[in-house]
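Participant: Each chain is listed here by its residues.
There are 2 protein chains.
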Amino acid sequence: MSRIASDTYRSKVMSAEEAAKLIKNGDRVGFSGFTGSGYPKVLPEALAAEIKAAHDRGDEFQIASYTGASTAPEHDGALAAVDGISMRMPYQSDPVMRNKINAGTSEYYDVHLSHSGPQVRQGFWGDLDVAVVEVAAINADGTAIPSSSVGNNNVYLETAKKIILEVNAWQSIDLEGMHDIYSMKLPGENVAIPINAAGDRIGSKYYDIDWSRVAAVIETDAEDRNSPFKPLDQESKTIAENLLDFLGNEVKQGRMPKNLLPMQSGVGNIANAVLVGLNEGPFEQLTSYTEVIQDGMVDMIDSGKLLVASATAFSLSPEAAARMNDNAKKYREHIVLRPQEVSNNPEVIRRLGVVSCNGMIEADIYGNVNSTHIMGSRMQNGIGGSGDFTRNAYISCFVSPSLAKNGDISAIVPMVSHHDHTEHDVQVIITEQGLADLRGLSPKQRAKVIIENCAHPDYREALLEYVARAAKVANGAHTPHDLATSHEWHRRFLETGSMKG
Amino acid sequence: MSRIASDTYRSKVMSAEEAAKLIKNGDRVGFSGFTGSGYPKVLPEALAAEIKAAHDRGDEFQIASYTGASTAPEHDGALAAVDGISMRMPYQSDPVMRNKINAGTSEYYDVHLSHSGPQVRQGFWGDLDVAVVEVAAINADGTAIPSSSVGNNNVYLETAKKIILEVNAWQSIDLEGMHDIYSMKLPGENVAIPINAAGDRIGSKYYDIDWSRVAAVIETDAEDRNSPFKPLDQESKTIAENLLDFLGNEVKQGRMPKNLLPMQSGVGNIANAVLVGLNEGPFEQLTSYTEVIQDGMVDMIDSGKLLVASATAFSLSPEAAARMNDNAKKYREHIVLRPQEVSNNPEVIRRLGVVSCNGMIEADIYGNVNSTHIMGSRMQNGIGGSGDFTRNAYISCFVSPSLAKNGDISAIVPMVSHHDHTEHDVQVIITEQGLADLRGLSPKQRAKVIIENCAHPDYREALLEYVARAAKVANGAHTPHDLATSHEWHRRFLETGSMKG
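These protein sequence lines map, in sequence, to chains A and B.
Here the numbering used here runs 111 ahead of the position in the first sequence, where the first position is 1.
Here the numbering used here runs 111 ahead of the position in the second sequence, where the first position is 1.
Since the hints were derived computationally from the structure, they do not count as laboratory data.
Misleading hints may appear alongside valid ones.
Which copy is meant is left open, so a pair is good if it fits within one copy or across any two.
What the hints assert, rightly or not - Straight-line alpha carbon distances no greater than 30 angstroms define the calculated BS3-like cross-link-like pairs of lysine-lysine that follow:
hint, residue 1, residue 2
1, LYS135, LYS272
2, LYS369, LYS296
3, LYS132, LYS163
4, LYS163, LYS273
5, LYS363, LYS273
6, LYS272, LYS369
7, LYS555, LYS516
8, LYS135, LYS123
9, LYS559, LYS135
10, LYS363, LYS296
11, LYS296, LYS416
12, LYS348, LYS369
13, LYS369, LYS163
Bear in mind that the values here come from a model prediction, so they are computed numbers and not experimental data.
Using the sequences plus the hints, can you model the full thing?
Facilitator: As structure tokens, then:
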């Protein structure tokens, strides 16, 4: 059965190759896609072919590419490989795209995910030329059922001059009703977002699409490029245990309810270990107000531990994605997928008292966190939603193994080489060594617990030496630094391949 | 006429000296006071005398001192001078207190103002022992009329085991009705804050006080220690003009309404110049959602330009304070004083689309801002509310003259020596040289406009040299840094007294 119930929309069906011709050099294009789910599956490669052909002819052809977050090789990778992207925002994790950014040939605007949609609406870049959005189906009335991510799709559909839809029959039709589409307005026109609990529904199940701007409809059944699930390593399990012990103590001290508070967690191994730990742990009736639904959350819904999860996208293994597709009718009772301007909105995060937990590249002795840059200059992925949650969480946590590169890199350094989250925003740091609760501490007090509890023993002495040296030479004893050696470890790594002296 | 209309409360009247004996070594004390207004006028000096006497006897006596923000010499200064403060939060600007912090003898927790009250409620420090709060009057029913600042008073009155009130007859009795006391609850228990416009009133005119915890009532008529108004210098006027031109263009481009959006501005000369500029400028029917009411805002209410201002405190010259006291009946129609957990709440700031404007110590070429530390280690004042507003504003601006110390310090540096606001949060930088609109730009693009538009010509060439050198040696071209020389200017200043090579 066709996924296009509207004759009007059916009249616009064309091939990806035909649709790609609607996009021109210099266009600003808003794509669907968030952590490898819900991105357009066929248009980007067709567009990349157009771009390559233009370049072969000696013509200029680049676009500004906006998305929800990261996409997949057949999207970011394909467009980056042909040098098709002049400017990219707000988040990416594709190796080809990353190389273009670090080679300086593509500009990258690494912005808080909650800001990205509203800034397109704000319009300082100029109008959005094209929206390219994957949907699960088009209804007879012209509304559309969203697919496995929402991201900034509502903003792009509302603001773009031209709309290209990819109708993807691989996506479960039973996703219908899982989404909650609510759009923010321009500043000065907003009222309180009426979400008072993680699962509150406040919007529509469908995208309301202005037909007059729909330029093309493409049909596909390609699946989301999901990453396989990695078995949990001992380090991740230990980090997760440290966090769960901390939460258990907060409950014991009466500072958190027995069912905790809505949890947010970043993507990756440690995050999944936390979810596995929660699933096996003592806490019941949990809720989540987060960005992405990972495997661990699906398990927690199955076990009954997790009552409801609010997010903007899936980030599932192929196995969990198959389970989701087969059982979407059940899961949609427990999952709400929202636009990222709502899932990541500071208003709601602060109100609900979210406990945030995000990965990091490094932290320093005073509690500043680097989430984005390798040795100060090289972009890894981007800040994503970590700032949206960290800055507004009830308790903000950052997790990392204490070592990287076989011990040549310490995740705890004298001064981070790039600052994404400042000393004012980071409350808990966790490694496999232990946990540093920084709440209410002065910088000097923080240095003590971070070095003692989180740094790897191989680097502890060198950190204490830095503290002693800084205390002697600094121009003030509040946050003592020796600016001549504060980045010495990073410089040494770049020169010798190891932070070790 | 007495300001204490309740017999019950009158029975607890005592001298400051007697009341001071209620505070013990190790106590956590929550004081009223925000930017030199509404702090207790007599209890702190009496307490300082107790502390000094204890120290003279060889006894330990220190307290943890929490406030709204900065206070005055007879409060922070007096307690710091006798080494009476073991730990201070959330903001201070007293020279004696600052020296203790930078000598390392007092711990200082420099935290976002919107977090400070909720964190006391959260309770990870333990219970609050004493609240010392100035009020303008006590009503017959035991409620109290707040005075010239609200700050964290609601939190301290709700949570302290013992309450000491200072009833100050210098404060205008006509402040009654200017305040709007609304308390946040613990995370998980909050609902949407129902403020949809800067002037919305959602709470009570009075503090509701639990009489059973009131241990002392002190009477005084000492005035707020207000700072005299400095005449506007040309540099501040030029910076203000640059900001007003920018706002005018935003209106012209249709990105902001004709009456702008609610303005927030920090304290100080440049902020006042902006207010003077607004008062003489073309914009009408303005509103403000900010922290403090300064002289310029009072003038704007008088002229009819400013319809309503929401804040948590006054920060007025003695002349403007006298005008306020004489005409509070009129001004209370245009001013709402709220608890700082509401005035600075990210939920409301984001919703209203506030335009923030705060001072800074330095910014770097990539748009990071240092608001707190001199040359990396030495605390100046603190982050205050600048993060609350910056991180959630529709447009966040930072202002500073491009030079300090007669040209020996550049406010634009290769890498800031301390990060309070990251590249992700800073949208506009303004000096007397010009304005850099960083919205939507990659780091390299930002460096270009910041150096061209904001840096002083004396330092421009050296900044461009840094950019060229960093491009050669950096391990990635996204945010190119040369970690060997990124803080060279600060080191040179510490060694030679000038950043100049």
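Participant: Could you run down the list of hints and mark each one as holding or not?
Facilitator: How the hints compare with the structure:
no., hint, verdict
1, LYS135 x LYS272, "within (13 angstroms within a copy, 68 angstroms between copies)"
2, LYS369 x LYS296, "between (36 angstroms within a copy, 17 angstroms between copies)"
3, LYS132 x LYS163, "within (13 angstroms within a copy, 81 angstroms between copies)"
4, LYS163 x LYS273, "within (22 angstroms within a copy, 74 angstroms between copies)"
5, LYS363 x LYS273, "between (55 angstroms within a copy, 26 angstroms between copies)"
6, LYS272 x LYS369, "between (49 angstroms within a copy, 26 angstroms between copies)"
7, LYS555 x LYS516, "both (29 angstroms within a copy, 29 angstroms between copies)"
8, LYS135 x LYS123, "within (19 angstroms within a copy, 78 angstroms between copies)"
9, LYS559 x LYS135, "between (56 angstroms within a copy, 28 angstroms between copies)"
10, LYS363 x LYS296, "between (42 angstroms within a copy, 20 angstroms between copies)"
11, LYS296 x LYS416, "between (35 angstroms within a copy, 26 angstroms between copies)"
12, LYS348 x LYS369, "within (22 angstroms within a copy, 56 angstroms between copies)"
13, LYS369 x LYS163, "neither (57 angstroms within a copy, 46 angstroms between copies)"
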